[in-house]
Amino acid sequence: MSAHEQFADDLALYAVDALTGEDRAAMETHLAGCSACRLELEQLRGDGALLALSTLGPKPPQRARQRLLDAVAKEPRVPVKLVETKSRRSWWGILGWAATAAVVVFAASLWKENAALKQTLASANAQATESARELEDIRRIAAPIIEPEAQVVTVVALKAQPQPGGKAFYLRKRGSLVFLATNMPPLPPNKAYELWLIPMQGAPMAAGIFKPDAHGRGTVINPPLPPGAEAKTFAITVENEAGASTPTMPIVMMGAGE
Amino acid sequence: MVTALKAGDQSAVAQLYDRYSSVVYAVALRVLGDTGAAEDVLQEVFLQLWRNPAAFDAARGTLGSWLAVIARNRAIDFLRKRRPETDLEDVIVSVSPDLAREADRSRAAEKVRSVIGAMPPPQRSALEMAYFEGLSHSEIAGKTGEPLGTIKTRIRTGLMILRKAFQT
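Residue numbers (our numbering), protein chains in the order written: chain A, 61 to 318; chain B, 107 to 274.
Treat the hints with care, since some could be wrong.
Examples of chain A residues toward chain B, derived with CB under 8 Å [what the hints assert, rightly or not]:
#1 R105
#2 L113
#3 T115
Note that these hints are calculated values from the structure, not bench results.
For every residue, glycine included, the Cβ atom is placed at its ideal position computed from N, Cα and C.
Let the sequences and hints guide you as you build the complete structure.
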């Protein structure tokens, strides 16, 4: 597979940000649907990087190093913990309640859609700008649940003990799923919880593995699921860490659509 | 070191800075021609890496090349007084040597300069105006009085010549 020759010149311009206006929009439209040209674009950017790497000059002043380290010291980062699910990133491991989780679903869907957009769909410049603006809005709104520093409090009825629970947010048409669990009991060694999509017809589909953290929280974000699978409900079983192809009884949790 | 960075290890920033700051600063200075502004870009590039180390995908390129391209992009943004046009995550740079060691970088830089020096002056000029001055193809055409198609071809073939030089 090779890049399209008719786009070769414009692709090179695009790689060095020298393509503007309608030509740029047309190129982005083409790139959205052409993996060969996207690959060539990466190569061309690599070629451009040679130009950048060729620059020689004086070393930066010593104060620049200290200035950077001072700035970094003011922004300590919580170490990124490895995800305890098989499917995605750890900063999602903070549980919100339904409303905020819905935002997460929407954000996850938009991100997924955004990625898909780049790969498969053409879009005009105006649409891209609008998507970026929306994504920024969503990131801002979702910040309280995606920032590692966020405080998470589970509210329950007075004198009640928190019960294990979970919420699955599923967009069938996109095959997008976000599952957030709370108060999950600790697991035996080498075991994990596995989420299952129980379809209207056919066998249960594996929908992600997770291990709860020290607070009993666990997440599954966008496991590989075929778009369009209609979910009757979701269920959780305890499986070996590697997961299973069919659920091992007993089912420890089961839900129903809301 | 990138792993340490992802783990929030501040000392990794210092190590990466020691390794790559000279190339980041050199690129920014080449574009901006101003030491203060270049220092600001240098700061921003490494702070962005600290804040979002996952933006660099080691499977899709080398850190040295990636930082150089990010520095170039940010410097052009700075030059044009515009907001960053490209997200860090969207910058994927295939191939290119990493050149973590300064001696290797010097040798590669010498080779690139040699290749560029051997190009016809109009081609070299078009390539450098696009890459280091952030000019669009129509702006270059306007400046040089050359047809748009000629400028396009010069930039593309210039990049191809560079590629071939590092493939052999």
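Structure-based check of each hint:
Restraint check, A/R105 versus chain B: the minimum CB separation of about 5 Å is within 8 Å; hint holds. Taking 8 Å as the C-beta cut-off, the interface hint given for A/L113 holds, the closest approach to chain B being about 5 Å. The interface hint given for A/T115 holds, since its Cβ lies 4 Å from the closest Cβ of chain B, which is under the 8 Å cut-off.
Checked against the numbered hints above, the structure breaks none of them.
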